[in-house]
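Enquirer: Those sequence lines, one after another, are chains C and Y.
In this text, residue positions in the first sequence follow the numbering used here: the first is 11, and each later residue adds one.
In this text, residue positions in the second sequence follow the numbering used here: the first is -16, and each later residue adds one.
Bear in mind the hints are in silico, worked out from the structure with no lab data behind them.
Just so it is clear, the structure is predicted and the values come from calculations on it, not from any experiment.
For each residue, glycine too, the CB sits at the ideal point set by N, CA and C.
Check the hints yourself; a few may be wrong.
Unchecked claim - Selected chain C positions facing chain Y (Cβ under 8 Å, derived; list incomplete):
#	residue
1	Y44
2	N69
3	G70
4	S81
5	V83
6	V111
7	L113
8	G116
9	V118
10	H130
11	T156
Claimed, not checked - In silico DSS-like links for lysine-lysine, alpha-carbon gap of 27 Å or less:
#	chain 1	residue 1	chain 2	residue 2
12	C	K178	Y	K(-15)
13	C	K178	C	K100
14	C	K99	Y	K221
15	C	K100	Y	K(-15)
16	Y	K221	C	K90
Claimed, not checked - Per label pair, the in silico range of CB-to-CB distance:
#	chain 1	residue 1	chain 2	residue 2	range
17	Y	L97	C	R38	55 to 61 Å
18	C	L47	Y	E167	35 to 41 Å
19	Y	T171	C	S107	52 to 58 Å
20	C	T87	Y	I112	53 to 59 Å
21	Y	F220	C	A268	37 to 43 Å
22	C	E154	Y	M(-16)	24 to 30 Å
23	C	K160	Y	F18	34 to 40 Å
24	Y	E142	C	S162	22 to 28 Å
25	Y	V217	C	N51	16 to 22 Å
26	Y	F220	C	E146	34 to 40 Å
27	C	G210	Y	L97	50 to 56 Å
28	C	E146	Y	M(-16)	27 to 33 Å
29	C	E32	Y	L97	57 to 63 Å
30	C	R48	Y	V175	45 to 51 Å
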Amino acid sequence: MSVKSCELRTVMVMNLSGQSHEVAISVRDLVVDYKQLRAVNNISFDAKHGEVTVVIGPNGAGKTSTMEVCSGVRTATSGKVSVLGLDPKKDRHKINSQIGVMLQDGGVYPSARVFEVAQHYCNLYGNRTTAGELLEMVDLTRQEKTSWRKLSGGEKQRLSLALALAAKPRVAFLDEPTSGVDIFGRDLIRGIVRRLADNGCAVVMATHELDEAQRVADHVLMFQDGNLLANAPLIELRGSAGTNQTLEDIFRDLSSNAAISRSREAQ
Amino acid sequence: MKIFRSQLRQELTVMARNGEQLLLLVVVPVILLIFFSQTDFLTTESENKIDFLMPGILGLAVMSTAMVSLGIATGFERSYGVLKRLGTTPLGTRRLVLAKVAAICVIEIAQLVLLIFVGQLLGWNPNQINLAQVLVLLLVGTSCFAGIGLILAGRLRAEINLAAQNGLYLALLLLGGIFVSNDELPKTLGDVAQVLPSSLLSSLLRSSFNNNELVIADAIALGGWALSACALAVISFKWSD
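Build the full structure now, drawing on both the sequences and the hints.
Expert: See the structure below:
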């Protein structure tokens, strides 16, 4: 099934349920090159308010590059990206107060302590919430005085998520928020992500764990080798592929189809 | 303003927790000052050893804070992704740089007060200080060394940057006319040393404290170092690896 017909059915489903959501991020013909390597190859998609858009695909598929361009920390080679109607690079100072970003590598100084970092991020966003509230949300109240370097992998991820929430964001970019997180942490993070979207935030979340994606996604962007294999609501993807199929099965199918059509083109 | 204050507080706490940095910033200059003023290893011709020593040590303090401390911390922040993440917040480059500059100034003031206090205990009693000139020189020296530190921090990997900053610190210290006057170095080495920013700063400070004339050529050279180092830092700095 082609991506186009997926999109068509998306519109119909939206109209039937009466919940059409406003577009928060629009990406058109995005290309990102690193010297010789093409990391993102001419992709287009939208992400909407009130939805969790999950970006899946293997390591090196272009997920992080795409998210970094959208969050303004990387420059696109070509293409047009708009976040809340603004250019993520040029209008950075306008966008930054409205987005929450969780990068893959945390981005916290190792000796900084939990409460202190949370407080600092609250200050950066003009105290829309309190450090205490944030830490309670991610269940780190007891680790308040612990330094970042002494936190476990899961605790680091939860703190990092909390910092993104300090923005009370209208758009959130979460790069692999559940990697290295235990089962309870995953439930907690998933709950937070769901609530964010239910409150109207456009959540874009990258993961290479398809089980995770399946539990939280409204909309799925499947990446492979810098290309978009699929761009469709989760319901549509699974509906079209048969209800017993997991995202993993679907990914394998689409991936091998793509390989076949590539080899045909080559002939 | 609140954002700036919050960032400044963060900068200072992180620096204060770096024990090895504090050692370099506070303890080493004081020990050097005490050691060389109480022993006979200095070959200066001035009657009072401490008069020769003190200006150079103050310059050294500026170099250790503005170059080494700022440079190492910034290099690690870059590699930990701290700068990248802050780049997604409303902080902004301008406030980040201002907070860093303010943090350096706070630490330098503390260092200078401590060193001057210890110096007085050791009998330092400069005649007719040109205070305005001293302050301007310290400021120009600070921008110069901060620029150099950030050139390295903005490009090198954190661990290499750490080694490079310390290596450069040692070289600039030995060739800085702080303990060994440049005239006593082998001819070629001495000629090179003379135009290095550490030598320029220490000799300019020495004249300002001891009421000699300001060597205009040296002042211009130091200013040139400061301008070009800062400009190069701005052009070459990369916010993430």
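Enquirer: If a hint holds in the structure, say so; if it doesn't, say that too.
Expert: Results for each hint:
Here the hint on Y44 of chain C is broken, as its CB sits about 12 Å from the closest CB of chain Y, past 8 Å. With a least beta-carbon distance of about 18 Å to chain Y, the hint placing N69 of chain C at the interface is violated under the 8 Å criterion. Nearest Cβ of chain Y to the Cβ of G70 of chain C: about 17 Å, over the 8 Å cut. The hint is violated. The interface hint given for S81 of chain C holds, since its Cβ lies 6 Å from the closest Cβ of chain Y, which is under the 8 Å cut-off.
With a least beta-carbon distance of about 6 Å to chain Y, the hint placing V83 of chain C at the interface is held under the 8 Å criterion. Taking 8 Å as the C-beta contact cut-off toward chain Y, the hint placing V111 of chain C at the interface holds, the least distance being around 4 Å. Interface hint at L113 of chain C: satisfied, since its Cβ lies 5 Å from the closest Cβ of chain Y, which is below the 8 Å cut-off. The restraint placing G116 of chain C at the interface with chain Y holds, with a minimum CB-CB distance near 6 Å, inside the 8 Å limit.
Satisfaction of the interface hint for V118 of chain C is found here, the shortest Cβ-Cβ separation to chain Y being roughly 7 Å, below the 8 Å cut-off. Taking 8 Å as the C-beta cut-off, the interface hint given for H130 of chain C holds, the closest approach to chain Y being about 5 Å. Contact between T156 of chain C and chain Y, as hinted, is not supported at the beta carbon level, the nearest pair being about 13 Å apart and thus beyond 8 Å. About 18 Å separates the Cα atoms of K178 of chain C and K(-15) of chain Y, which keeps this hinted pair within 27 Å; it holds.
Between the alpha carbons of K178 of chain C and K100 of chain C the distance comes to roughly 22 Å, so the proposed pair stays at or under 27 Å and holds. A distance of roughly 16 Å separates the Cα atoms of K99 of chain C and K221 of chain Y; the hinted pair therefore holds under the 27 Å criterion. Taking the CA atoms of K100 of chain C and K(-15) of chain Y, the gap is about 25 Å. The hint holds against a cut of 27 Å. Of the supplied pair hints, the one linking K221 of chain Y and K90 of chain C holds, its CA atoms being roughly 24 Å apart against a limit of 27 Å.
Range check, L97 of chain Y to R38 of chain C: Cβ separation about 59 Å, and the 55 to 61 Å hint holds. A hinted range of 35 to 41 Å is violated for the C-beta pair L47 of chain C and E167 of chain Y, which are about 55 Å apart. A C-beta distance of roughly 56 Å is found between T171 of chain Y and S107 of chain C, which places it inside the suggested range of 52 to 58 Å. Under the hint 53 to 59 Å, the C-beta atoms of T87 of chain C and I112 of chain Y, about 57 Å apart, fit the expected range.
Remark: the range hint 37 to 43 Å for F220 of chain Y to A268 of chain C is upheld by a beta-carbon distance near 40 Å. Range check, E154 of chain C to M(-16) of chain Y: about 26 Å between beta-carbon atoms, so the 24 to 30 Å window is met. Between K160 of chain C and F18 of chain Y the Cβ separation comes to about 38 Å, which falls inside the hinted range of 34 to 40 Å. Look at E142 of chain Y against S162 of chain C: about 25 Å separates their beta carbons, and that is inside 22 to 28 Å.
Checking the proposed 16 to 22 Å range against V217 of chain Y and N51 of chain C shows it is violated: the Cβ atoms sit about 33 Å from each other. A beta carbon spacing of about 38 Å between F220 of chain Y and E146 of chain C agrees with the range 34 to 40 Å that was offered as a hint. As the Cβ distance of G210 of chain C to L97 of chain Y is approximately 54 Å, the hint placing it in 50 to 56 Å holds. Between E146 of chain C and M(-16) of chain Y the beta carbons are some 28 Å apart, a value that agrees with the proposed interval 27 to 33 Å.
Distance hint check: the CB atoms of E32 of chain C and L97 of chain Y are about 59 Å apart, consistent with the given range 57 to 63 Å. A beta carbon spacing of about 47 Å between R48 of chain C and V175 of chain Y agrees with the range 45 to 51 Å that was offered as a hint.
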